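J.: Next come the chains, spelled out residue by residue.
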Amino acid sequence: MKNEKPSPEATPALSQSEAGEEWKSSEMKTSRRSFLVRLGIGATLAAIAGQIYAFIRSLVPNVLYEEPRRFKVGPPDQFSEGVQFLEDKRVFIFRQGNTFYAISAICTHLGCTVKLQRLNRPKMVKIGNRQFQESVEFHCPCHGSKYYGDGTNYAGPAPRPLAYYKLEIAPDDGQLIVDMSQEVGHDFRLTV
Amino acid sequence: MATKRSTWEKLTWTWRPASSREAGDSIVRNFLLHWFPAKVTHRSLSWSYSFWLGTISAVLFLILTITGVILMFLYVPSVERAYLSVKDLEYTVSYGWFLRGLHRIAAHLMVAVVFLHMVRVFLTGAYKNGTAVHQNRPLNWIVGVILLLATLLLSFTGYLLPWDQLAYWAITVGTNIASAAPIVGEKIRFLLLGGTTIEQNALIRFYVLHCFFLPTLVLVLFSYHMWRIRKDGGLACVDHLALTQRLEKRPPAKSKTYSLLGIASGATVHVETALVDEDEHTVQASPHLTRRLAAVMLGTFAVSALLTILFRAPLEEPANPSETPNPAKAPWYFLWLQELVADTTIHIGGWTLNGALVGGILIPAVLLIWLAAWPYLDKTPLQTVGVWWPRERRRQNVVFLIIVLAVVTLTIIGTFMRGPFWDFYWPWESWPELPRRF
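Sequence order for the protein chains is A and B. For the first sequence, counting from 1, position 3 maps to 3 in this note's numbering; every step adds exactly one. For the second sequence, counting from 1, position 420 maps to 420 in this note's numbering; every step adds exactly one.
Bound conformation, chain A alone (with noise of 0.2 Å):
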């Protein structure tokens, strides 16, 4: 402590003037007591910025119970010729002859579940320079968006076609798999 605090003795060299200006000089840098102000504002405010990120890191789940995006729904001869929809999954799984294919019953405008509309007799449809006959159509009932049979949208609301699945075949017990988290393209085909 004595060696810290020079007393007037120790310093005889240094005059009044002398200490006046050092004073000076390093009020105009930082006082140490300034300086602990601010440290003290800048930790509590460290501080509580830590603790609100925090809370709302807390509330960003990092694990989900929900249902899985990728399951088998049975094994592919189950599935009768045309269109079948899985209800609490919400897809349409397509089967012509050995081919399989999977269409999101999600509507792309907000989400609703489309509904499919049996045509009563088939329609022949024409986009750009691909034609093809379609017996089924989807709507969808919240917002009026209408779909062809191969999810192509053309009338309504939807900014998109709706998306298609891709389908595997489970190598351990032959089912089908239906990836929900895997988008393909709309000339995607699984034979069997």
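By construction, these hints were calculated from the structure, which means they are not laboratory data. These numbers were taken from a predicted model, which means no experiment stands behind them. Heads up, the beta-carbon is just placed ideally off N, CA and C, and yes, glycines get one too. Each hint can be trusted.
Restricting the straight-line Cα-Cα distance to at most 25 Å, the calculated cross-link-like pairs of lysine-lysine (DSS-like) are:
| id | chain 1 | residue 1 | chain 2 | residue 2 |
| --- | --- | --- | --- | --- |
| 1 | B | K87 | B | K329 |
| 2 | B | K379 | B | K231 |
| 3 | A | K89 | A | K166 |
| 4 | A | K166 | A | K72 |
| 5 | B | K329 | A | K89 |
| 6 | A | K146 | B | K329 |
| 7 | B | K187 | A | K89 |
| 8 | A | K126 | A | K146 |
| 9 | A | K146 | A | K123 |
Here are a few chain A residues that face chain B, going by a calculated C-beta distance under 7 Å:
| id | residue |
| --- | --- |
| 10 | L64 |
| 11 | E87 |
| 12 | R90 |
| 13 | G111 |
| 14 | T113 |
Since the structure of chain A is provided, determine the placement of chain B on it from the hints.
T.: Then chain B, alone, in the frame of chain A:
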């Protein structure tokens, strides 16, 4: 005995003050009335100037708080129990249907009344500052706009809680509109739902927002809203009174002054100031204001209770994510948005602008920004403050009314004229029979 008496006196007041001193005392010394002025102008009290819409919305908020707290004892915010507890409320709990119905009706009324309150404030130019110092009515207008938003959000979050088909699909449509916002949309939806689908996480989040977060926000903003009105000198019609009085150029009144300006009697220095506190313009707040307040509270409660008995709250089938009802509709106050969302998908050449972005986000955002900024853009003269249909504000009032009418018309179309697949039907047309399931 003495303290007990004074505590009692702090909570009660006389309805028949014998003197103006007693009348003033009942405001100043009373805990419940201390936020009211001692004197109120006739115009502020009149039914035809303000229609008391702000007061009615505050009373509805009170009804909602009381019924809501009781409902919290009877409702379980879990996916397994929510629907069953609401069903119990409706059919098993004594007067449960009345509690739930009153809460629902008061919520619907509050949305409507807060909206009408905003319309009234706009049409009377009550967001404009008068001449009194330290006024900030534009800020109070913005607080009001936030309160309207909070009211809508409160109603929207409450909509999910019954966990029936109506609730589930209205929230599906509503939260998907949020995800149409560029860049942050998906993240907002994820945080709001606590996941990617409407499940337990979403239910508990909406519950906490509905029961704690948003009511607290409304309470804080409402307190500030009221405090600002007092700071701004009461309703805007008082500003108008002060302005027109000054235009009258009253002759200098002879009175004594005790200021340094003059010891002798003569003309006071205050002759040019408005004298809205004079007896010909004002009455004592107690009992005139308190009496009307009691009448408004009673009337609001009576109308809400009557509507509750006339219109039972609906409860549809339990929420079923795989079956969208046809048509699926948002709550009525969002049907103008749903109508916009259905009509505003724009195709330009190869690319498409989703209607959810245009009608669900861009148009409401522009309307909100315009609402918030308007007090700062309105340059009409001071004399238009606090009057109905002033000539100088005719053009903006007409534009505002057209927007209001458009919103109301779209709401009516969405509510009564949209059938299966959102097709248009006149109210007298019957909807086609559709198979309910595939």
